[in-house]
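Engineer: Protein chains in written order, with this note's numbering: chain A, 1 to 378; chain B, 1001 to 1378.
Source of the hints: derived by calculation from the structure; they are not laboratory data.
Among the clues, some could well be false.
One-sided and incomplete, this derived list gives chain B residues near chain A with beta-carbon spacing under 7 Å [to be verified]:
hint : residue
1    : A1059
2    : S1098
3    : A1229
4    : L1243
5    : I1245
6    : I1346
7    : L1347
Below are the BS3-like pairs computed for lysine-lysine, each with C-alpha atoms no more than 30 Å apart in a straight line [stated by the list, open to error]:
hint : chain 1 : residue 1 : chain 2 : residue 2
8    : B       : K1097     : A       : K212
9    : B       : K1003     : B       : K1124
10   : A       : K87       : B       : K1227
11   : A       : K330      : B       : K1227
12   : A       : K97       : B       : K1212
13   : B       : K1310     : A       : K39
14   : A       : K328      : B       : K1227
15   : A       : K206      : A       : K268
16   : B       : K1227     : A       : K248
17   : A       : K128      : B       : K1087
18   : B       : K1248     : A       : K97
19   : B       : K1252     : A       : K215
20   : A       : K3        : B       : K1227
21   : B       : K1087     : A       : K17
22   : A       : K87       : A       : K46
23   : B       : K1097     : A       : K97
24   : B       : K1310     : A       : K128
25   : A       : K87       : B       : K1039
26   : B       : K1097     : A       : K227
27   : A       : K307      : B       : K1039
28   : A       : K252      : B       : K1052
29   : A       : K330      : B       : K1039
30   : B       : K1215     : A       : K227
31   : B       : K1310     : B       : K1039
32   : A       : K215      : B       : K1310
33   : A       : K310      : B       : K1124
Pair ranges (Cβ atoms, derived) [as the list claims (entries may be wrong)]:
hint : chain 1 : residue 1 : chain 2 : residue 2 : range
34   : A       : D231      : B       : G1281     : 51 to 57 Å
35   : B       : G1100     : A       : D231      : 43 to 49 Å
36   : B       : E1341     : A       : Q77       : 54 to 60 Å
Think of the CB as a built atom: it goes at the ideal place given N, C-alpha and C, for glycine as much as any other residue.
One-letter residues, chain by chain:
Number of protein chains: 2
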Amino acid sequence: MRKNYLLTPGPTPLPPKVCQAMAQPIIHHRTPQFQAILKETTEGLKYVFCTKCDVFILASSGTGAMEAAVVNLLSMQDTALTVQGGKFGERWTQICKSYGINTEIIDVVWGQAVNPKDIEKKLKENPKIKAVFATLCETSTGVVCDIEAIGRVVKNSDAVLVVDAISGLGAIPLLTDDWSVDMVVCGSQKGLMLPPGLAFISVSAKAWSKVKEAKSPRYYFDLIAAKSALDQTDTPFTPAISLVIALKEALKMMKQDGLENIFARHKKMADATRSAMQALGLELFAPTAGSDVVTAVKVPQGIDGEKLVKTMRDVYGVTIAGGQSELKGKVFRIAHMGYIEESDIILGIACLEKVLAQMGYKFNLGTGVAAAEEVFLK
Amino acid sequence: MRKNYLLTPGPTPLPPKVCQAMAQPIIHHRTPQFQAILKETTEGLKYVFCTKCDVFILASSGTGAMEAAVVNLLSMQDTALTVQGGKFGERWTQICKSYGINTEIIDVVWGQAVNPKDIEKKLKENPKIKAVFATLCETSTGVVCDIEAIGRVVKNSDAVLVVDAISGLGAIPLLTDDWSVDMVVCGSQKGLMLPPGLAFISVSAKAWSKVKEAKSPRYYFDLIAAKSALDQTDTPFTPAISLVIALKEALKMMKQDGLENIFARHKKMADATRSAMQALGLELFAPTAGSDVVTAVKVPQGIDGEKLVKTMRDVYGVTIAGGQSELKGKVFRIAHMGYIEESDIILGIACLEKVLAQMGYKFNLGTGVAAAEEVFLK
């Protein structure tokens, strides 16, 4: 018998109701039946995005929506500012460069959050900057950014603020309208408790004014076509029907729980995880800017980080994530996002303890679990 | 009690095994477990595509793969030839134009197939043409093209042949390698018996030589990145995991049936449908070039075509398709593609008979069904 547990920052586990929704016979997308679902999910997304603006559902992974943001806002030779503090911040830069956008870059030390003042400074130095691309939670490092403060800074410029919230939306606060975020990009397989395959993007009035002028070539990700279709409760191309039906179920669950409660649950799980790691004598990779979405932990000296992750998965069925890019083998990452609750965190920590002990790391068995329990009992 | 029957040219009904595969708990994509599935599905797609070349799985609808073909083959100001005989042929032109490609167009009367000699002539007249974009089965008209003959023509030029086989692949013959088709584009929700959300694209050696030179901006649909990833049994971005797992089941079924048997089943269902329509005194929209994938039928005078489709769906639960674009209200379309067999066709025809009779169309009840039965008994 082998049961599997997923504590990775995407995909995250699926609620049974979501699984069941996908197992239903398929329906046609150009029917009143599907239109009702499209309407309900589009409204539900507005709740989760904390926006009154349109949110579009794309059939792609999150990166597709990132590309949609770039090509719909900018034209070749335009200038953008990207914030890079990990693999996904770098992706903004890569997409911009692919489309011939001049890219100013703020390089942030991996494990730290960008200082909003640095963005303010760049915007003042270069009034040509039309868009600022930031990341809510940098999945590769576990760092969360102060999007609210960045929003205050960008709001006073002509630039729009685009936030990759692929990791984080629906798990930690992101008040799109209140924080003046012009485009929020998200994927389905994280806080929204779905399989990957859908992406979402919200568009503010300020962003629309740029979309109308943007000349980057685009077809599949053209938001003007998406808007015309959505105004008729339709999509420009065949939507990923079964995933949209699953989205309906997930959004219903999220509305029932309430965003405030969801955020509180994530915060508690993150606190418990961080506390457990410290109790085990492990060092957090982002001690001051750790997100409530995923916790990156430094692999202790003498331990093979890749083997640790592999053993947890292959021997005990508990899948956590290793490090990506320059952090490969140097950190492991425990996600506490989506359809995850206290018991999942406890079993993940216990499994980590067992494997660390087997690998010769010195600590008292149960210390991590005890620290987590203490947080949960508060 | 209302049971629903889908006879639309995408989405097509899902086999229970496919539904069940999607209801399983999700697994992480960067694991040996998913890598094995990616390997098996990539191999299975080669069987269905009748190719030894790489076939890539994209997280998008079919149009995404059409865009991938255009942007990976061509640069701005390059010249392409598109064949337009319906809504989906026009889409090739639209995508090319979106990317600044000079587009020569062969306009074919809707309901007829392109004459391969017209393509040969265009290629001789304009040696700048780098790519020919055609459609295997034009879903909007039901017309099938002679891709084999087009392949013979394009093969002798410097141009590559790209075929939109979104409708048709896995239902009617398309011998990618033998017919010298350089790129074949497909979607998941047609002959492959899956929900929409995946797209596929094959790339020949001749196509790769163009991909290496193409300068159209691209990121999400970049096939060079897809190739680097696939060589390590990986995808450049998070794949639509649950759909890929479902694909594994569908491909297993197709391999068990065998392509020849699948093609024969589709041909018989199409013959039965055409025969039934004619027995009912209805006129086929594409009498000489009708595909074995979907049959378009002219709405008889005095009958409201949109009401016909709506009544079949809302009163009897049988969903067929109406006309698209300029054919709206003028044709209805019965699909016989994917997880569909004789009994589905019979019930569809019977439902059509009932609604036509209610709407005042004069014919002898049962005539259509009898004609279909006759074909099936042959």
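Engineer: Hints first: check each against the structure and report whether it holds.
Structural biologist: Do the hints match the structure? See the list:
no., hint, result
1, A1059, "holds, 5 Å"
2, S1098, "holds, 4 Å"
3, A1229, "violated, 12 Å"
4, L1243, "holds, 6 Å"
5, I1245, "violated, 9 Å"
6, I1346, "violated, 19 Å"
7, L1347, "violated, 15 Å"
8, B:K1097 <-> A:K212, "holds, 18 Å"
9, B:K1003 <-> B:K1124, "violated, 54 Å"
10, A:K87 <-> B:K1227, "holds, 20 Å"
11, A:K330 <-> B:K1227, "holds, 28 Å"
12, A:K97 <-> B:K1212, "holds, 18 Å"
13, B:K1310 <-> A:K39, "holds, 20 Å"
14, A:K328 <-> B:K1227, "holds, 22 Å"
15, A:K206 <-> A:K268, "violated, 36 Å"
16, B:K1227 <-> A:K248, "violated, 34 Å"
17, A:K128 <-> B:K1087, "violated, 41 Å"
18, B:K1248 <-> A:K97, "violated, 36 Å"
19, B:K1252 <-> A:K215, "violated, 44 Å"
20, A:K3 <-> B:K1227, "violated, 34 Å"
21, B:K1087 <-> A:K17, "violated, 37 Å"
22, A:K87 <-> A:K46, "holds, 28 Å"
23, B:K1097 <-> A:K97, "holds, 22 Å"
24, B:K1310 <-> A:K128, "violated, 53 Å"
25, A:K87 <-> B:K1039, "holds, 26 Å"
26, B:K1097 <-> A:K227, "holds, 20 Å"
27, A:K307 <-> B:K1039, "holds, 24 Å"
28, A:K252 <-> B:K1052, "violated, 45 Å"
29, A:K330 <-> B:K1039, "holds, 29 Å"
30, B:K1215 <-> A:K227, "holds, 29 Å"
31, B:K1310 <-> B:K1039, "violated, 42 Å"
32, A:K215 <-> B:K1310, "violated, 40 Å"
33, A:K310 <-> B:K1124, "violated, 59 Å"
34, A:D231 <-> B:G1281: 51 to 57 Å, "violated, 40 Å"
35, B:G1100 <-> A:D231: 43 to 49 Å, "violated, 28 Å"
36, B:E1341 <-> A:Q77: 54 to 60 Å, "holds, 56 Å"
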